[in-house]
Amino acid sequence: MSHYYFLPHQRIDDMLNQLQGDGYKCVAPRHHESEINYDTITKSADLPWGFHDEQAPGHYKVNKSDHKHAFGFVLPTTSVKPMLFKAKENIWKVARNDEGKLAFEPIVEFEKIAVFGVRPCDLRGIEIQDRVFMENSYNDVRYVKRRENQFLIAMNCTKSHSNCFCVALGDAPQADKGFDLAMTEIEGDGFVVEIGSDKGRALLDALDLEAASGGQAQKALAKIAYAVDGQKKTLPPIKEVETKLMANLEHPQWDDVASRCLSCGSCTQVCPTCFCHTERDEPNVLGTETHHTREWDSCFSIDHSYTHGDTYREDPKYRYRQWLTHKFSTWRDQFRTKGCVGCGRCVTWCPVKIDVVDEINAICK
Amino acid sequence: MLYTDDAYTPYEAEIVEFIKEHHDIFTIRLKFTDPELDSKYFFRPGQFNMIYLYGIGEVAISIVNDRNHQQGRFEHTIQVVGRITKGMMKLQTGDKVGIRGPFGTSWPMNEAKGKDVIIVTGGLGNAPLVAATEEVLKNRNQYGKLRVLHGIRSSDLLIYDDMYTRWNNSPETKVYMATSNADPVDNGKWTWGKGYVTNFIPELSVDYANSIVMTVGPEPMMIGVAKAFIAAGVKPENVYVSIERSMKCAIGHCGHCQLGSQFICKDGAVYPYPACEHLLEVKGL
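So the sequences go chain by chain: A and B. The first sequence begins at 46 in our numbering and counts up one residue at a time. The second sequence begins at 601 in our numbering and counts up one residue at a time.
No farther apart than 25 Å at their CA atoms in a straight line, the calculated lysine-lysine pairs in the BS3-like style are these: (1) Lys-631/B to Lys-138/A; (2) Lys-146/A to Lys-640/B; (3) Lys-146/A to Lys-631/B; (4) Lys-883/B to Lys-362/A.
Simulated from the structure, these hints should not be mistaken for lab results.
Can you make the complete structure from the sequences, with help from the hints?
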């Protein structure tokens, strides 16, 4: 029996219907105005057929062509992160009665979501965030519930954009774990499908798909190899990067990058692994109830390091250094993994075109 | 830690006593309103709670041991610094707040057994070390000499005055207090010393090679204290400090208290000095 199955383009709707019948809301990359980003879909026609993206430092553009592919673009503008760790949400509320008694109540909202088309880098982003929110001393019950109710269909890369650097990190644009199904698109034809879990097998069984032919499987692997070859960025081995960054905390490059960095925090907002957040109260005007919110924060904001009247990282140099050394060094100490997946979004969305790979190379050479 | 379902949501606690210590420093004594929580709640010296004020937010504050050693009560001494602590200054007996905790590492009370114990604090750094001091006094025969050194800017800033007198009158215990302000404003009532806490090192009459130092104060002070006592003969691994950083979650999720490889909320706040020396000495880390 083959390891690989084949889902023709014409049968995408069968898969979506099956998932919807199982109670999942289907989410996939969609073309909307000038970007491709995750949104709810109900049918195959909602996918971004024929669209592809151009990404370069500080540059993002979507174009349309006659190609017969649904995943001809490389990467949606945001990762899967906002579906699990929301940009802003109420995490608990407290009611106050006339006597001042406080009744606290956690708010835990989740739904069944099937993500159709997760790039391998974003899949690794989920794995990294799992270590923060569900494989840590304390778990976030909201994140755990959402992960338990998630169906992940990985989409291997068939090309790379110019900011991609997963290969330089020692990874590959091919899903290796953490998925229910993994697919590779063959243009004008369909998807070669691989099973990664019992949930994934049950879905394929229900669809009664045929095994992929040897030719289709070979074609899929060749497409992935093409995506690997498309990446030109290089980095020293990750262990060397991790050591050298912390050994060079006073390197002149920190001043150099700080002279260009705007401390805007765009890089942290698009990052699949950034988890910093702040919490605040939003009370009603009657004084009877407050919602306590959790909202994404950024280590580039000046308030991030504010402690008891002092700001530890007032100089932007220290904020950039905090971000970079955390991603590429101290993350390992904290979570037994690196903090970057090489998706390149921080490079694409940097308004002053700072390329994190160039900065690392300047410090570690 | 009390929580099984959600580590983010606080539990209701009641102010059983509000003690004004100074014009901007106060102590609240608390108990959980749920008797079951109250009976289960347990903390170690050096740990902290997140205290929630209705409609404003949460703040991380170290736990001061109950000065009367009552079970089921815990105290926090708080200085007005920002919005939340300013609001807390207006709390009264009977008011309700939210509590999550306890969090963080604790003072090395076991490692200190059989050693002379030197407590060195500055400013409001004395609050996180009250519990450790009381622990030594409660188990007096398990520890060597106890020396409590406290530095403040001027004599009018002294809190816990009665407690220091009681400690100073305890067996094998001596309190040394210094104001860095050369001219105290109390018209001669100040009976303690002047200068800096490290000035007392030559007169403590302890065995430095077999002493343990626990210190809390501003970072430059803790670094100075650590270096001075190590120079006097205390083994570096026997010097402990407690580090302060902003905390929103206290459970290692929010990222605010990160210091190099550490999240102060769960890997600290109490550290052996050699484990954090390199982190404290880098500006802006």
